[in-house]
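This is what each chain is made of:
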Amino acid sequence: VSRRGLSDRLAGAAAVAVALWYGWTAQSFVQGFGDPAGPAVFPTVVAVPMGVLGLVLVLRPDPDPSWGRGPVLLRQGLSLATLLAYPALLQLTGFPIATALAGAAVARVLNAHWPAALTTGAVLGVGLYLLFVYGLGLVLPLGPRLG
Amino acid sequence: MDFVAPLAQGFAVAVQPHNLGLAFVGCFLGMIIGALPGLGPVNGVAILIPLAFTLGLDPTSSLILLTCVYYGTMYGGSISSIMLNIPGEAAAMMTALDGYPMAQAGKGAQAMAISAVGSFVGAMLATVGLMLFSPLLVRVAIHFGPIEYFALYVLAFATIGGVAESNPIKTLLAAFIGLALATVGLDAVSAVPRYTFGSFYLFDGINPIVAIVGLFAISEMLAFLEQAGSGMIAPVIKITRAYASPRELLFAFGAMLRGSVVGFIAGVMPGSGATLGSLLSYTLEKRVSNRDDTFGKGDPRGVAAPEAGNNAAAGGALVPMLALGIPGSGTTAVMLALLISLNIQPGPLLFEKQPDLVWGLIAALFIANIILLIMNMPMVGLFTWMMSMPMWALMPFVVLMSFVGVYSINQSAFDLYAMVAFGVFGFVLRKLDISLIPIVLGLLLGTEMENNFRRALSISGGDYAILFSSPMGNAIYTLTAVMLAIAFYLAWKRSSRAV
Chain A
1 VSRRGLSDRL AGAAAVAVAL WYGWTAQSFV QGFGDPAGPA VFPTVVAVPM
51 GVLGLVLVLR PDPDPSWGRG PVLLRQGLSL ATLLAYPALL QLTGFPIATA
101 LAGAAVARVL NAHWPAALTT GAVLGVGLYL LFVYGLGLVL PLGPRLG
Chain B
148 MDFVAPLAQG FAVAVQPHNL GLAFVGCFLG MIIGALPGLG PVNGVAILIP
198 LAFTLGLDPT SSLILLTCVY YGTMYGGSIS SIMLNIPGEA AAMMTALDGY
248 PMAQAGKGAQ AMAISAVGSF VGAMLATVGL MLFSPLLVRV AIHFGPIEYF
298 ALYVLAFATI GGVAESNPIK TLLAAFIGLA LATVGLDAVS AVPRYTFGSF
348 YLFDGINPIV AIVGLFAISE MLAFLEQAGS GMIAPVIKIT RAYASPRELL
398 FAFGAMLRGS VVGFIAGVMP GSGATLGSLL SYTLEKRVSN RDDTFGKGDP
448 RGVAAPEAGN NAAAGGALVP MLALGIPGSG TTAVMLALLI SLNIQPGPLL
498 FEKQPDLVWG LIAALFIANI ILLIMNMPMV GLFTWMMSMP MWALMPFVVL
548 MSFVGVYSIN QSAFDLYAMV AFGVFGFVLR KLDISLIPIV LGLLLGTEME
598 NNFRRALSIS GGDYAILFSS PMGNAIYTLT AVMLAIAFYL AWKRSSRAV
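First to last, the sequence lines map onto chains A and B.
In case it helps, the numbering used here puts the first sequence at residues 1 to 147.
In case it helps, the numbering used here puts the second sequence at residues 148 to 646.
A hint or two may mislead.
A few chain A residues that don't get close to chain B, going by computed Cβ distances all over 12 angstroms [to be verified]:
1. Gln31
2. Gly143
3. Pro144
FRET-style restraints, in silico, Cβ to Cβ [unchecked claim]:
4. A:Arg4 - B:Leu529: 26 to 36 angstroms
5. B:Ala335 - A:Asn111: 33 to 43 angstroms
6. B:Val162 - A:Val48: 48 to 58 angstroms
If you're looking for bench data, these hints aren't it; they were derived computationally from the structure.
From the three backbone atoms N, C-alpha and C, an ideal C-beta is built for every residue, glycine too.
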């Protein structure tokens, strides 16, 4: 097997694996009374073509896209880490500070200089809080959640 | 003329101050989102859906807000095509072909004005078409039972990628992924939990709004990070006003009319949407009018036709969405998500049960078009300023807006993590050139599709032959087969040409 089209081959293989698991799991769903099709038939009907299409993708892949390397991957990782940390931060520090930090981090990842990134964060933290709480009447935590 | 009275009723709904205000806000936001490179109508509507929730809007007002955003993005999308040669969204691609050369030749003001008037003509005619054709479609669809509906869903999934999509295998695969996602949660009939991993959060199924915002907004950020390093910024051609003389507008008027008709038909067709509308309008106009080989070099008719076409297609796409509950484009699919979340099931009964919603929307569209046309002129300067705004200021705003919006639905951190997961998933799919729209559509329509499937089978006592027992249903299957064959033939032709 050549390495050409590896991305599609992997995606196709993943689709086949998911389809197998998905169809297999469906067979354990219990059929109710007065429901001749039952909860298992539709997932089975979905699983079969999904697996077949995945297989076609494995056999006839398109050319590979160019995946980000090094710095790009790092930036994507950093921004995702920011987004994943945000909900926890929200509980910890309240909305304005969490949003300011996340906003500054995302701006910084996008090549903003530190002063610009921090300003963006601060504007977003305060601005979005005012907009959502006073403009739209939403309840957002101002400070750390106590208790 | 059985639409006069309901339309008057609709205007009574649409001119209520809060609806009028929402139409105005929607147009404004839509134009800005459409003008920003990379943020198209689907993203625009997806990002603003949570806003409709946080505002606690009723279904009619929400729908007015979002369709105005939709129409606004269609107007705005052409602006960056003309100024930057970068389409703000896929449907504005064709506008760049003649719009950018016009701007280069110092005719930016004319290009902007012709694009605005073309959009206006297209959208107005399409709204009239929506008003006339939806009730006709409803009259047919009212007789549809589960068999016909199941067939319609099959048609919608088989054709959502349209004929322009690169690889039909991938589009179909995406549809099945979406359908699989739709089955997550407690089965409504048997109360069996399916694919929930025992997690309480998944019992209600996957919230389509969370999935949509993740798939589009978060993946947009990840995709943007790839280009950010290259630091490529096209020179902005600064345009400070939009003006064209009546003679210039008249010259392009025929192109607008032709573009509108072609675009509307393309929009009503399942699974094609505005991109195909503008593509076909431009191609046709070029064939009709390109006598002196002026197209592609700044012919105003090359701006007028695709702009009228993509706006007319946007209106046309609302026809199957409202009358059948089956969206004709990506953006209408996202709008459907909102309606379903508000417990409104579009379809033939909508016209009977909630005439205020349907006709209020139609009236709001007429008003929105006028707002957009007027707003376009003075806002050109603002757009020029916005185009030169750096992405590092804009992206955090978009991302955090999506976070707050999704958070405000359930105040649940789980939703936020799910959104990020969908963002990564959406990014990988985009890289692989797998369309996200069929996934959204599958997630949205999967439950109803399965319900109709099971209803049909319970009528027949489990005999699958019933699925092919209705002439109307079989006609729909035949149409599906033909459309699929065309898509595969075109894909095969493209790939054999590439080799």
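Verification of the supplied hints:
1. Listed as a non-interface residue, A:Gln31 fails to keep its Cβ farther than 12 angstroms from every Cβ of chain B; the least gap is roughly 7 angstroms.
2. No beta-carbon of chain B comes within 12 angstroms of the beta-carbon of A:Gly143; the shortest separation is about 16 angstroms.
3. In this structure A:Pro144 is separated from chain B by more than 12 angstroms, as the shortest Cβ-Cβ distance comes to about 15 angstroms.
4. Range check, A:Arg4 to B:Leu529: Cβ separation about 48 angstroms, and the 26 to 36 angstroms hint is violated.
5. Roughly 48 angstroms separates the CB atoms of B:Ala335 and A:Asn111, a value that falls outside the hinted 33 to 43 angstroms.
6. For B:Val162 paired with A:Val48, a C-beta distance near 52 angstroms keeps the hint of 48 to 58 angstroms intact.
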